[in-house]
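K.L.:
The chain contents come next:
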Amino acid sequence: MTAEKLSNAQIAWRAAQDIVDGAYVNLGIGFPEMVAQYQPPGRQAIFHTENGILDFGPAPKPGAEDWDLINAGKKAVTLKPGSAFFDHATSFAMVRGGHLDVAILGAYQVAQSGDLANWSTGPKGVPAVGGAMDLVHGAKRVAVITEHVTKDGKPKLVERCTLPLTGVGCVTRVYTSLAVIDIDGGKFVLREKLANMTLDALQALTGAKLHIDGAVGELKVPSLAA
Amino acid sequence: MTAEKLSNAQIAWRAAQDIVDGAYVNLGIGFPEMVAQYQPPGRQAIFHTENGILDFGPAPKPGAEDWDLINAGKKAVTLKPGSAFFDHATSFAMVRGGHLDVAILGAYQVAQSGDLANWSTGPKGVPAVGGAMDLVHGAKRVAVITEHVTKDGKPKLVERCTLPLTGVGCVTRVYTSLAVIDIDGGKFVLREKLANMTLDALQALTGAKLHIDGAVGELKVPSLAA
Amino acid sequence: MNKTIASLADAVSVIGDGASVMIGGFGGSGSPIELIHALIDKGVKGLTVVNNNAGNGHVGLAALIEAGCVAKLICSFPRSADPVVFTERYLAGKIELELVPQGTLAERIRAGGAGIPAFYTPTSYGTDLAKGKPVAEFDGRSYVQERWLKADFALVKAEIGDTHGNLTYRAAARNFGPLMCMASSTAIVQVSKLVEPGGIAPESVITPGIFVQKVVEVPNPAQEEDLNRAGARYP
Amino acid sequence: MNKTIASLADAVSVIGDGASVMIGGFGGSGSPIELIHALIDKGVKGLTVVNNNAGNGHVGLAALIEAGCVAKLICSFPRSADPVVFTERYLAGKIELELVPQGTLAERIRAGGAGIPAFYTPTSYGTDLAKGKPVAEFDGRSYVQERWLKADFALVKAEIGDTHGNLTYRAAARNFGPLMCMASSTAIVQVSKLVEPGGIAPESVITPGIFVQKVVEVPNPAQEEDLNRAGARYP
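Residue numbers (my numbering), protein chains in the order written: chain A, 1 to 226; chain B, 1001 to 1226; chain C, 2001 to 2235; chain D, 3001 to 3235.
Certain hints may be false.
Straight line, CA to CA, 25 Å or less: simulated BS3-like cross-link-like pairs of lysine-lysine [to be verified]:
| id | chain 1 | residue 1 | chain 2 | residue 2 |
| --- | --- | --- | --- | --- |
| 1 | C | Lys2045 | B | Lys1080 |
| 2 | B | Lys1140 | C | Lys2214 |
| 3 | D | Lys3042 | D | Lys3003 |
| 4 | A | Lys187 | A | Lys154 |
| 5 | D | Lys3193 | A | Lys80 |
By construction, these hints were calculated from the structure, which means they are not laboratory data.
For reference, chain A alone in the conformation it holds in the complex (with noise of 0.2 Å):
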């Protein structure tokens, strides 16, 4: 049985394949978090945190948290060999100055055009931005993991954003839960899909054009504990 859409882990997998050995990597808040579990053996990616630590591990065991270790979304992490503290202006120095590999983030939308919409879902409430504008600039490559569809169905992968943009032409690659797609040129490629979608059904649910440049590959994950 295939499966109809990828889950959360198996998007964050996918995303895990793309990450170089010796790669530094920022992961946004929440479930990009979860890309660091699905590193392949053999490669170490040293990840990087806003509020000054380069190469955390994984959270510490309950009870055992120290709440000066955290990473940014507050969560205890710990350390592995090599890690550095620094303060945060040179933190956002190594966001803004170049010297991430790769960023990845969550999204409400991304246009074609590498638009990203993360940040606000409109004027009501409570405004928070944290490090996301500044990520989404800097960093070498700028990467989205996400469901292909909003809760109600609608799509997320757009022509245009409609929600307010975290950055402008920033996105280069979007993995979803049914497709892995470039951003170039102002048009998404699709570079993967599920093997049970068709490219009309896909497209059906994708709010701006697919472009098809190349094969076309199977986007293959193997089945994950939830």
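Following the hints, position chains B, C and D against chain A.
P.N.:
Quick look at chains B, C and D alone, frame taken from chain A:
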């Protein structure tokens, strides 16, 4: 017998008397470095050097130099308890950011506007500026120590600098071999002069009008070994 | 020279109504809980506070807001596990918010400390947070001009401090502390351990004493997360 | 991940003609003598070099200039105890000089590393060194706009380095090193002692490894001042 003019050591001594306890101080390369020798007893100034040391002390004994421990003049120094090392950007954040209480510099010319010329004698030779242009901006008080006139008798305190400027309107006090002069509202205001020097004689050696605003004190210094 | 202050109350006594106050920490990590609580005890009004966040639960920054001390908050992320104090006041129009991207916030504070009145950043270009700000192009890319950020005071938590104000920080509690010490006229620092000059190796100093005006020793400082898990409230 | 390079020759082999190279050090303090000499051995032409100074005597940076490798120097203070190598070439019009105030040089390099394309500084306002640069007024004071400075390579001397590129520096030899590692595409660092990851405490790291691409161990590195006092020449 009263001195005809102060020695460099005496000028440095006089400038040192105005440095309060706990002041953060940068002394320019060369002659201004002498000021550190004449701190009044009981007062502890913290000296800053551009190349990244706070709270350094006098030169070590010959043969005991550590050439990673030098001042901006590339002379070996020692450390005091409480010293700190930092990089060049942080060092000049201290300078530019207004964290130094006093910078004491040498001068080719000082104008009544507070303009300073101390880095270039003109287009001949190899130009070199170092930290001079940074130091004149940022320190809460920028003072100059200098001979009152040039070697060939020309005024160094002038209406307008003719040499290339280091900074505009930056100097607030000048300690010369003959007098102590404040710069206030675009005017030279005489504060102290040698007892044996008449106002007319001093004015004749000064390239702009000396104003009187309150009492003119006697410029008194101890006799010091040369 | 001795920058040591005997008590928390003395340390914050200089902060008056309407002052601008940078408060270190990222969430609870590096939050100077004891200094904030001393400021609540003093009682001030109309503060402009700069912090990455907007407080959590009912202690520390949240308690300062709850006590009605804060008129305006400059921050990047006014959300937390329990943001009710800020959220209610904000939605009721009782507190002003200036939302700044986190890296821009850090760089604006550093610029304030370094004497750089303005700089250009790619961050926020083309977004709502860049509205009204000058834009310029360098080498074919567009950037937003941002201004320095300074404050009258900083409240910072450090690990070891000496009487000259040299500081080290614990783990990732460093975050905004070194920047806020630079950018404030009077940096007031609580240290877990106070030592004599020379007690910190010169290579290990993170904040040189020139950026610090007052040091107060607070052994075994509280951790915001622990207080919140215990359901603490202040006062 | 292992950023260690076995030999000095391998470490500098990537530097080609016409490259821009930042070289750490303030005078002899922090000057990466062995890396510079390896670059002389390789033989390159037309370099643009960024350093605070212009070399002293006939070793290190002076020797690099003497060997004819340098077309342009960006520095703040091209004078030293024995500046003859640079002076003669400069007066003969054989080397270009861009003179930058020292704090502006440091800040331009930091800006290059931090992704800040331009900033405003009071330094040099109203002087010959501000000629042709944009000027702006903030809060009634005038400032000069300066651009970031980046380079293809940095040659830096550190004290301890681990295989991830985390670095510490010795005393005031730190100076421009951390900034140049940030601002160069490929930072090549000689360390007196190479350790495994974890060999430097995370609180003690001065340059995090993300800013470093290549590390080569040079135990007991030469000190420029000692070489010059001994009358050394290179090659």
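K.L.:
Against each hint, give a clear statement of whether it holds in the structure.
P.N.:
Hint check:
no.: 1; hint: C:Lys2045 to B:Lys1080; verdict: violated (42 Å)
no.: 2; hint: B:Lys1140 to C:Lys2214; verdict: holds (19 Å)
no.: 3; hint: D:Lys3042 to D:Lys3003; verdict: holds (21 Å)
no.: 4; hint: A:Lys187 to A:Lys154; verdict: holds (19 Å)
no.: 5; hint: D:Lys3193 to A:Lys80; verdict: holds (21 Å)
Violated hints amount to a single one, hint 1; each of the other numbered hints is respected by the structure.
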